[in-house]
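With chain D's structure known, arrange chain Z on it following the hints.
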Amino acid sequence: MLKNEFFTINGKENGEGQVIYHVVLNPDHAIFKGHFPGNPISPGVCNIGMIKACVEEEVGSSLFIANLKQCKFSHLITPNENKELDIVLKLEDSDNTVKISASIVKGEIKFMDLKAEAQKEQKA
Amino acid sequence: MLQGEEIKQLIPQREPIMMIDTFYGATEKTGKSALTVLADNVFCEDGQLREMGMIEHIAQTCAAYNGVKNKQNNGAESKPKLGYIGEIKKCQVVRLPRVGEQLVTEVVVTAEVMNVTLMEATTKIGEETVASCQIKLFEED
Chain D
2 MLKNEFFTIN GKENGEGQVI YHVVLNPDHA IFKGHFPGNP ISPGVCNIGM IKACVEEEVG
62 SSLFIANLKQ CKFSHLITPN ENKELDIVLK LEDSDNTVKI SASIVKGEIK FMDLKAEAQK
122 EQKA
Chain Z
4 MLQGEEIKQL IPQREPIMMI DTFYGATEKT GKSALTVLAD NVFCEDGQLR EMGMIEHIAQ
64 TCAAYNGVKN KQNNGAESKP KLGYIGEIKK CQVVRLPRVG EQLVTEVVVT AEVMNVTLME
124 ATTKIGEETV ASCQIKLFEE D
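So the protein lines, in turn, are chains D and Z. Letter by letter, the first sequence follows residues 2 to 125 of the numbering used here. Letter by letter, the second sequence follows residues 4 to 144 of the numbering used here.
Bear in mind the hints are in silico, worked out from the structure with no lab data behind them. Keep in mind that a hint or two might mislead.
The list that follows gives simulated cross-link-like pairs (lysine-lysine, BS3-like), each with its CA atoms no further than 30 Å apart [as the list claims (entries may be wrong)]: (1) D:LYS70 - D:LYS111; (2) Z:LYS92 - D:LYS13; (3) D:LYS84 - D:LYS4; (4) D:LYS111 - Z:LYS84; (5) Z:LYS93 - D:LYS111; (6) D:LYS70 - Z:LYS84; (7) Z:LYS93 - D:LYS116; (8) D:LYS73 - Z:LYS35; (9) D:LYS100 - Z:LYS93; (10) Z:LYS139 - Z:LYS32; (11) Z:LYS82 - Z:LYS72; (12) Z:LYS93 - D:LYS121; (13) D:LYS100 - Z:LYS139; (14) Z:LYS127 - D:LYS116.
Only chain D is shown next, with the shape it has when bound in the complex (with noise of 0.2 Å):
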């Protein structure tokens, strides 16, 4: 849905304990249109759900958050100053579920942080 299209993923990058994705988000996407007409700034839910797209690519399925714990948004992003951007990913997979603690960050900026449990889906 918004993978390719709001964003794209430009590579990753495995740490201790961590990966950590880099994105590029798409300025000319129409959701920046409506959010707002001449202010574009990405909304809080499509942060959210960057971070999912991250955490399906890594664990190779398709997920379903039942349970977002909390998410904390601390620096808006906008997609002409803020264009590039890393996220960070702390998962625990394990058979039908998995533990996310994310962060969107760059350089010194930390956008948001998030917590939550997901369900992967049962796909035909």
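Below, chain Z without anything else, positioned relative to chain D:
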């Protein structure tokens, strides 16, 4: 009750990310809205509205409540202020709505300080609760 284009009087979001199509009204501490899921919704996938769409629907219900208060305080002609989600807590999604289903969301204000509003939201389809959460909204001056 406000519907369709009229919703734009209350919230700053515009197509394709308008996630309420009906606003039933606000009381001192509550607001109530609805969204019928259409196939071309930007947050729909395989005939279902994804979590992001449900949360945005809740956030815009809060924004519409703020929009009503703004008009009460600053006049009927005042434009909706820009607002952002500051925090989401304890958000449970029971199931994803399908195309054609109508979500009805009620928000209750639990705290208001300056330009920050804390709310609790419950989203139902008919009698079935499909999502609930606590949400903190920031509004620009």
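Go through the numbered hints given earlier and state which of them the structure violates, listing their numbers in rising order.
-> none
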